[in-house]
Amino acid sequence: MEKESKNYTTISIPTPLANKIKERIKGTGFTSLSSYVTYVLREIISSDKEETDEAFTKEDEEKVRERLRALGYLD
Amino acid sequence: MIKPHGGKLVNRNVKKKDVDLEGYPKFEISTNSSEDILNIANGIFSPLNGFLCKNDIENILSEKRLDNDIPWTIPIMLDFDKKEIKDIKEGDKLLLTNQETGITSILDVEEIQDYNKKTIAQKVYKTDDVNHPGVANIYNMKEKLIGGKITLYDTKVREYDKYNLTPKETRFLFKEKGWRDIVAFQTRNPPHIGHEYVQKTALTFVDGIFINPIIGKKKPGDFTDDVILASYETLMKHYYLKERAVMSILRTSMKYAGPREAIHHAIMRKNFGCTHFIVGRDHAGVGNYYGPYDAHDIFSEFPDLGIVPLFFRSFSRCTKCNSVVNDKICPHDQKYHINFAGKKIREILRNGQIPSEDMMRKEVSETILKFDKTFVE
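Just so you know, the sequences run in chain order C and S. Under the working numbering, the first residue of the first sequence carries the number 21, and numbering increases by one thereafter. Under the working numbering, the first residue of the second sequence carries the number 1369, and numbering increases by one thereafter.
No lab work stands behind these hints: they were computed from the structure. Since this is a predicted model, take the numbers as computed values, not measurements. Please note that a few of the clues may not be correct.
With a Cα cut of at most 30 Å, we get these calculated DSS-like pairs of lysine-lysine [unchecked claim]:
no., chain 1, residue 1, chain 2, residue 2
1, C, Lys83, S, Lys1486
2, S, Lys1394, S, Lys1485
3, S, Lys1461, C, Lys78
4, C, Lys46, S, Lys1696
5, C, Lys78, S, Lys1543
6, C, Lys46, S, Lys1432
7, S, Lys1371, C, Lys78
8, S, Lys1510, C, Lys83
9, C, Lys78, S, Lys1524
10, C, Lys83, S, Lys1384
Chain S with its partners taken away, still in its complex shape (with noise of 0.2 Å):
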């Protein structure tokens, strides 16, 4: 089984039965931060133990890697009002929780420290325009930052935990399943005929198909979290093979950092212990703000990434060739060819049409029309 990043499977769960935990000055978070907490105890963020201090932020920034020099491209950071942290200092423990997510836990506070916004934006997002969703993010945070380690004592069932794994699960299921060669594939859409293409492509090369949708925050006229698995299921159950494919979910919030984040997006994945990862054209984009295949090039930076990259570029049906293409390999002119642009696809289902299936299975499409609530409002 490959390695998790940085060598050790980080996990911070501490059973609460154990410990006092009151007395401890308490903080309600955002859901956000409580899914930080969680992906850092279970170790789909490993070798991180908790939010960043500031020799580790300004290494991310600058340099892409921790201060320590493994590769790390995205500052997981936790933000407090700086009134309601005037009396906190470095040593104190804080009681962190949030009732969405039902999360206990204890943050150790190592540091406290101002930071710049402008500079995180223009190094993380490559833009300070405040239209980028995740530099809007980044702008709306507030403006103290507590560096430490957390441990987690507790957390409550929520929706969709049936496809909840964590890093622990996967690798023990992957094993179970005699699983070698594990290739990753990261969404926040429904499948269409190019997604299914491109996941069946690169299985065909591997031993299963890690299936990962993220289930969290997104931006509106994002599909629902509800459709993108009932989606899935749908085209699980009718074309692929129980034996070769695995759907988890990992809950966290879509960043859009485009290039930098399909970094990040690899690293959990190898967490999970999948040994590619498939990389698209656009990963992790939004608006115009990065190059179709940025994405792509920022892997030649880390050659000790630790889990192999398989780039994809975009793929449309030719009816010449009368099967999925791409532009290496149909020599067919552009007007042979069907785009699955997403765009198109979601247009046509808000119209409550069913999308040709040369774009998209009519299973997948008639299950996404069962819901009231397609979008992200």
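One chain only, chain C, in its complex shape (with noise of 0.2 Å):
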């Protein structure tokens, strides 16, 4: 059941920007150029944490505050 493999793509970084992560990951948990790379991707891609406002109609919200004012949560 478990995928063989993932699918990867090839990206291409200048050699001795990969030369100095290598050196940078001697000694830690990272196995590969790759592990690293992916990691840093993701936390990049992860920081956008622009505010969000849901989606409530002044109905919606009312109704979310009296049910919250009945259950005690909010006086």
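Two chains, two frames, some hints: make the complex.
This is the structure:
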């Protein structure tokens, strides 16, 4: 059932940079250049922390507020 | 407010009056599966909008991520007996019900699949030993899985609904309270002094704490849901600031999947709007299947989880320090330490005695002892 391998793609980065990364990951938990680059990119991609306002209509908001009041969560 | 996992809070609730559900093949599903449906519909499992198909399940097993690379560690699956679905095909709609939860929901059959129980057990639980309660549940599942979107049309009012908030409601509540940083505490036990210490230590650095006991199927010997809720009510009434602590339940079964389940627990709390999540020693573990800090280590695999784990080691009371300590902060010998061992506290309570106040608040112990049925049988 388990996949033999996941789909991966190749990305080119400058060789000196690759060498610096190889040096940097020595003795860390990263087993390859790819695993390090994947980690860093995932971290960057997820750092988009913009505030989200849930799509509440006025009616919705009042309903939720009333329920929270009735349950004792809000005064 | 922190973004839900995957970016958008899922809502698969639709008012029943507008649709005719008669005529679809009807299946009475288990209470656990119906609670999965409630958790999907209310956004607790965001970004899932249904039961998982093969690509996602395989990717979760091998990469601990959905097929679109979003972190996800526990496959949410719906099983069927192959005979009962012999006439069902992809593209069909199934009416799913459960008497206990009162759900009425529709499953859009996207994929019908076979699966390998042993592979799932080994990957999710790191063992295929049937003595592991999570593995036993996998081996008790029926032969086929159906993946596809669900839509929830109805459910009923149930016990403890006073404490049952959806992510939409908790997010609104946190905002109304002016909380920006919220720490979540997952629990399946009444609080002892160690729990209180961990919670209050974490709370010191954030705006509020979200105490979120798991209500649902547990193993024999665990505390009953009534006892857990009543004991927390007592603790919060006597020892917490009302404006800094909120308790709401989470209806889901414990999987006892240790590290993978710790990630799953964190994701659910992120969807409730929490920014931080407390991970203790042997989180969601059982027996000796996982190392005491495996559930800490796994978080290093997820730089993109989007909720900050707060790692706590085990605590004890040091009679020399005369305070609660851990191995990082106390220089005294073990002989001065009183451990908050859950097993020991359970034994004392089982004998109808009140544990020392070094281990558990007297008010909490008294609350627990008022119950005739303290443990799951």
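Starting from C:Lys83, check that the Cα of S:Lys1384 is at most 30 Å away, please. Holds: C:Lys83 and S:Lys1384 sit about 19 Å apart, inside 30 Å.
Straight-line Cα separation of C:Lys78 and S:Lys1543 no greater than 30 Å? Holds. C:Lys78 to S:Lys1543 sits at ~15 Å (cutoff 30 Å).
Are the Cα positions of S:Lys1394 and S:Lys1485 separated by 30 Å at most? 26 Å, holds
Given the hinted pair S:Lys1461 and C:Lys78, is their Cα-Cα distance within 30 Å? Judged against 30 Å, a Cα distance of about 34 Å means the pair is violated.
Is the straight-line distance between the alpha-carbon of S:Lys1371 and that of C:Lys78 30 Å or less? The given pair, whose Cα atoms are some 21 Å apart, holds under the 30 Å limit.
Regarding the pair C:Lys78 and S:Lys1524, is the alpha-carbon distance no greater than 30 Å? With Cα atoms ~25 Å apart, C:Lys78 and S:Lys1524 stay inside 30 Å; holds.
For the pair supplied as a hint, C:Lys46 and S:Lys1432, is the alpha-carbon distance within the 30 Å limit? Measuring from Cα to Cα gives roughly 25 Å; hence the hint holds.
30 Å limit on alpha-carbon distance, applied to hinted pair C:Lys46 and S:Lys1696: The given pair, whose Cα atoms are some 28 Å apart, holds under the 30 Å limit.
For the pair supplied as a hint, S:Lys1510 and C:Lys83, confirm whether the alpha-carbon distance does not exceed 30 Å. Distance ~41 Å between S:Lys1510 and C:Lys83 Cα, so the pair is violated.
Is C:Lys83 close enough to S:Lys1486, meaning Cα to Cα at most 30 Å? 47 Å, violated
Violation of the numbered hints given earlier is confined to hints 1, 3, 8; the remaining hints are satisfied by the structure.
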